[in-house]
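Modelling step: build the complete structure from the supplied sequences, incorporating the hints.
Protein chains in written order, with the working numbering: chain A, 1 to 292; chain B, 1 to 164.
Possibly wrong hints are sitting among the right ones.
Covered, in the sense of this in silico footprint (three residues per stretch, anywhere, with C-beta under 8 Å from a C-beta of chain B), are these stretches of chain A [what the hints assert, rightly or not]:
id: 1; stretch: 3 to 9
id: 2; stretch: 105 to 111
id: 3; stretch: 129 to 135
id: 4; stretch: 209 to 222
id: 5; stretch: 255 to 267
For lysine to aspartate or glutamate, the following DMTMM-like pairs were computed, each having C-alpha atoms within a straight-line distance of at most 20 Å [unchecked claim]:
id: 6; chain 1: A; residue 1: Lys2; chain 2: B; residue 2: Asp35
id: 7; chain 1: A; residue 1: Lys209; chain 2: A; residue 2: Asp192
id: 8; chain 1: A; residue 1: Lys2; chain 2: B; residue 2: Asp30
Simulated from the structure, these hints should not be mistaken for lab results. None of the values given here were measured: they were computed from a predicted structure. Cβ atoms here follow ideal geometry from the backbone N, Cα and C, with glycine treated the same way.
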Amino acid sequence: MKPARFAYEAPATLEGVLQSLAAAGQGAKLIAGGQSLAPMLNMRLARPDRLIDINALSDLGEIRRAGDRLEIGALVRHDGLGRSELARRHCPLLARAAETIGHYAIRKRGTLGGSLAHADPAAQLPLVALALDAEMDICSVRGLRSVAARDFFLSIFSTVLEPDELLVRVTVPIASAGEGWGFRLFNRRAGDFAIVAVAATLSRGSDGKIARLRLALGGIGPVPVRVEHLVPNPGTEQPSPHWSTQVSQIAADSVEIEENDRTPAAFRRELVAALTREALDDAMGRAAGATS
Amino acid sequence: MSAFPPVPIVFKVNGTTRRLLTAPRRLLSDVLREDCGLTGVHVGCEHGVCGACTILLDGAPARACLIYAVQARDHEVTTVEAFSAGGELSVVQQALHEEHGLQCGFCTPGIVVTMEAWLNEHPDPTDAEIRDALSGNLCRCTGYHNIVAAVAKAAARRRGGDAT
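Laid out in structure tokens, this is it:
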């Protein structure tokens with residue numbers, strides 16, 4: 001469990017990191033918290049020639065509000081995200097999801113940018129970034145570009161990031177007034193990756209009807225997916241007491257679930273139904289305008 | 001000759017400045033044990049699962065097996081040895097002793113270090129919160145009940161309660 005040999009550098013500035021990345025080409029890997037990469041190195045599942053450490057870029061460790069969005073630096077640790085007053089107030093779904101990652105010592109070290117760039121299909125932060133319509137700000141010596149979460153994840157452990165690019169910041173629209181949210185995951189042991197995870201937000205109009213629903217599922221395929229389009233016209237009628245049951249069943253029946261060796265798709269389909277119902281109930285309970 | 005020669009690093013371990021040469025691929029856990037003689041850093045899984053090698057990096061708990069020693073350059077590392085430096089057990093260690101919170105003791109250093117940091121941030125935890133916080137440290141002997149009792153006792157003592 002010792003990694004293969006690699007060269008190491010820890011540039012003090014963003015400019016330095018970008019130049020190192022551009023010079024290094026394919027053989028380099030960025031390391032931030034290292035909570036996913038270091039195990040892969042230690043088990044020699046990854047063997048980069050060079051590690052470029054970005055932990056010195058303290059500017060990337062900040063969370064700030066910019067108008068109707070939160071700007072969250074890629075180096076923000078999961079623990080910091082979960083405790084951040086700004087995140088808890090304006091993006092409570094994101095803060096809550098961060099609190100459920102791994103264990104205490106892992107959350108102290110692991111980073112938002114690292115989790116998103118690693119793109120584990122069962123991870124919390126990619127799922128929530130997708131659910132909340134986050135934008136990824138990506139830097140290289142060639143310039144800055146922004147990519148919507150919807151377009152960012154390509155497949156298992158695979159994103160649109162080019163070898164010379166660094167994810168520097170995530171911007172997340174802040175929750176609208178009265179928006180409710182729910183986050184549910186199922187795993188067999190505390191701290192494990194989710195077998196299935198569900199993130200939802202919903203807003204209700206003054207008439208009590210659902211004005212906006214966002215629903216995203218993780219753990220069912222190579223990337224997290226948004227599924228609210230599978231639910232027919234949520235806003236057309238006043239939600240009945242059985243609304244969450246009906247919607248979750250429709251989602252579970254119609255979503256594509258990839259077979260894998262570890263957990264049968266049929267079981268995960270049942271998990272989708274159960275967790276979606278719970279996440280929707282949570283969101284309904286937290287949303288303003290709830291009548292029941 | 002290796003294309004990746006050892007690099008000099010300076011960092012602080014348990015309050016003492018250390019200067020040493022280390023190849024970039026060497027785990028902090030190995031450097032602490034082999035170069036610094038701090039064998040309280042126990043090496044279990046070497047991929048971040050078991051928690052036995054947990055140390056504090058600038059005061060925050062971290063797996064020493066998921067940090068390369070070069071990354072500790074100019075940082076401050078605290079190992080379990082620091083918590084009984086004066087020959088007295090720390091509050092957490094004393095409570096583990098009294099509550100029989102260890103059997104083989106392999107996981108204990110990681111638990112002590114993790115709980116010392118965690119109790120600073122969570123001075124008045126419930127048993128459920130303690131169990132959740134301990135979930136990152138694998139113990140295959142005790143079944144955890146006595147560890148939970150010890151952490152609860154340590155929390156009470158740190159708050160100034162009499163928890164006997």
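Here is how each hint holds up against the structure:
1. 3 to 9: Result for this restraint: holds, n = 6.
2. 105 to 111: It holds, with 4 qualifying residues against the three required.
3. 129 to 135: violated (count 0)
4. 209 to 222: violated (count 0)
5. 255 to 267: violated (count 0)
6. A/Lys2 / B/Asp35: Holds: A/Lys2 and B/Asp35 sit about 16 Å apart, inside 20 Å.
7. A/Lys209 / A/Asp192: Roughly 37 Å separates the two Cα atoms, so the pair is violated.
8. A/Lys2 / B/Asp30: 10 Å, holds
The structure does not agree with the numbered hints 3, 4, 5 and 7 stated previously, though it agrees with the rest.
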